[in-house]
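J.: Sequence order for the protein chains is A and B. Quick note, the first sequence lines up with residues 1 to 87 if you use our numbering. Quick note, the second sequence lines up with residues 1 to 400 if you use our numbering.
To be clear, the hints were calculated from the coordinates, so they are not data collected in a lab. Among the hints, erroneous ones may be present.
Stated by the list, open to error - If you want a taste of the chain A side facing chain B, the calculated C-beta under 8 Å gives, among others: (1) Leu3; (2) Tyr8; (3) Pro14; (4) Ile38.
Claimed, not checked - Subject to a maximum C-alpha distance of 16 Å in a straight line, what follows is the list of computed EDC-like cross-link-like pairs (lysine to aspartate or glutamate): (5) Lys290(B) with Glu306(B); (6) Lys41(A) with Glu202(B); (7) Lys41(A) with Asp203(B); (8) Lys17(B) with Glu56(B); (9) Lys58(A) with Glu202(B); (10) Lys58(A) with Glu374(B); (11) Lys338(B) with Asp313(B); (12) Lys243(B) with Asp188(B); (13) Lys41(A) with Asp200(B); (14) Lys287(B) with Glu374(B).
Glycine included, each C-beta is placed from N, C-alpha and C at the ideal position.
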Amino acid sequence: MSLLEYQYFPVTRPNKGAGGKTGAWRIVKPVVDYNKCIGCKACFMFCPESTIIPSNGKVRVDYEYCKGCGVCANVCPVKAISMVSEQ
Amino acid sequence: MIRKIISGNEAVALGVKLARVGVTGIYPITPQTTIIEKLAEMRAKGEIETEILRVESEHSAMAATFGAALGGVRAFTATASQGLLYMHEMVWWVAGSRVPVVMVVGTRAVGAPWNIWNEHTDFTSERDSGWIMAFASNPQEALDLTLQAFRISEDERVFLPMMVGMDGFILSHTKTNVLIPDQDQVDDFLPPRRQPYVIDPEDPIGMGNIFPPEGYMRLRESIDSALRNSEDVIKEIGREYNKKINPLGDYSTLNVSYKLEDADYAVVLMGAWAGDAMEAVDTLREKGIKIGMLRIRYLRPWSEKEIRSALKDKKAVLALDRSTSFGRGGGPLYVEIKSTISDVVPQIKGVVSGLGGVTVNKSDLVYIFNKFVEGLKDDVIWYYPKEVGKIELRTPRDIE
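The following block holds chain A by itself, in its conformation from the complex (with noise of 0.2 Å):
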């Protein structure tokens, strides 16, 4: 839709910045099980960091920006996402 000069609108896009990154402090990440994922995005609607990623109808997760906080293991109906501890 092409707008009018004079509207605006308060709309922001997700970003990420670099103080955001998590770094080497994370004790277990989100492992997503592909068989399993049927793509419902509850882990997209519920991660506080936003670092779930919707892809061809699933979700991988931006490891750089994940705090492993487990709330996507948590909600996701099918139990498709483990939380496995860093090496």
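For this one, chain A is given, so just place chain B on it according to the hints.
T.: Same frame as chain A, but now just chain B:
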């Protein structure tokens, strides 16, 4: 198209049905309650597919409606009085987010003290919130303006929410003859909803996130521009409505004149008492007094051009308010009219009356108009009808 004897609230509910509204956030408050009851009834019978969200307060009703609108669904809600005041925060939030939403306000007095009867103060107190604000003068107009509201609100030149006011009880509960359009006619007039941004998981956005000062100010200016530009949009859509749906109504102007062309004196008012006022104007005309009436149908955008050209050559103008603006002397209409025409009309007077359901009928209006033509001494008077004078008011207990 059929004719039916229905109340203003039923007319609005039918308008919502015909507009194919997707989500309605509802919370009951007198005198608007029967709108949402009618919608719930139609939903129970399977006549409409509107998702009805029963929530715990008016604040939530607007929040739910707002959320649905952000998702791209045509959304509606209705409220009144304390409910609108409780909703006030969300009313601004919706306008500031530039999201099309339609709300009907069954206007009513604002407490304290408790009073459920008709008045316009709840409606007029939202006039700076960034909504387009229309006010109906009969149930037919309530239906017509509700249908037009969706179209205006969703126009790409506008993208602002719109509220339609309707006198509580006088219009909301009184049954009269209403022309109800067919679904085909409305579908032809009202295309599917369009809006610039929707909440979409595949393409995430934040609406109303924190904005730096410059961005915020620019947004405020864009709301003002959109509101001012909506004047032409309203006229254009009104003309189309006349052609496609109601050839008997005239929606090609923002405000409505009655016997104003040759008048020396003019009365400005808003809402249902326009009917009595037209009869009062006729009575004075029979006596040879050249008086006319201008009914404000759109409080926002305030059509300065239209109002100035309608009133510019009058000897005196009287603004009749059913609402208050405390500490200013007179109501909001008086203040607006004065700021619009004070350089071209020598005398502008104001009358505040009909508050809290006080009945002002034709004979009262004839009395007021006569006094106005003879010349009022004060700039603003508060008029109490004779019946009110007979009531013994139990004011302050005796303080010894």
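J.: Evaluate each hint against the coordinates.
T.: Structure-based check of all given hints:
Taken as an interface hint, leucine 3(A) checks out: its beta carbon lies about 6 Å from the nearest beta carbon of chain B, inside 8 Å. Interface hint at tyrosine 8(A): satisfied, since its Cβ lies 4 Å from the closest Cβ of chain B, which is below the 8 Å cut-off. Satisfaction of the interface hint for proline 14(A) is found here, the shortest Cβ-Cβ separation to chain B being roughly 5 Å, below the 8 Å cut-off. Hint status for isoleucine 38(A): violated, given a least beta-carbon distance of 14 Å to chain B, over 8 Å.
A hinted pair counts as satisfied when its Cα atoms are at most 16 Å apart, and lysine 290(B) with glutamate 306(B) does not qualify at roughly 21 Å. Proximity of lysine 41(A) to glutamate 202(B) is assessed by CA-CA distance (about 10 Å); at most 16 Å being required, the pair is judged to hold. With a CA separation close to 13 Å, the supplied pair lysine 41(A) and aspartate 203(B) stays within the 16 Å bound. This hinted pair does not check out: lysine 17(B) and glutamate 56(B) have alpha carbons roughly 23 Å apart, beyond 16 Å.
The suggested pairing of lysine 58(A) with glutamate 202(B) holds, with an alpha-carbon distance near 11 Å, which does not exceed 16 Å. Straight-line distance between C-alpha atoms of lysine 58(A) and glutamate 374(B) comes to about 78 Å, which puts the hinted pair past the 16 Å bound. Note on lysine 338(B) and aspartate 313(B): the hinted pairing holds, with a Cα-Cα distance of about 15 Å set against a maximum of 16 Å. Of the pairs offered as hints, the one joining lysine 243(B) and aspartate 188(B) holds, with about 11 Å between alpha carbons and a cut-off of 16 Å not exceeded.
Distance restraint check for lysine 41(A) and aspartate 200(B): the Cα-Cα separation of roughly 11 Å lies within the 16 Å cut-off, and the hinted pair is therefore satisfied. Simply put, lysine 287(B) and glutamate 374(B) have alpha-carbon atoms about 13 Å apart, close enough for the 16 Å limit, and the pair holds.
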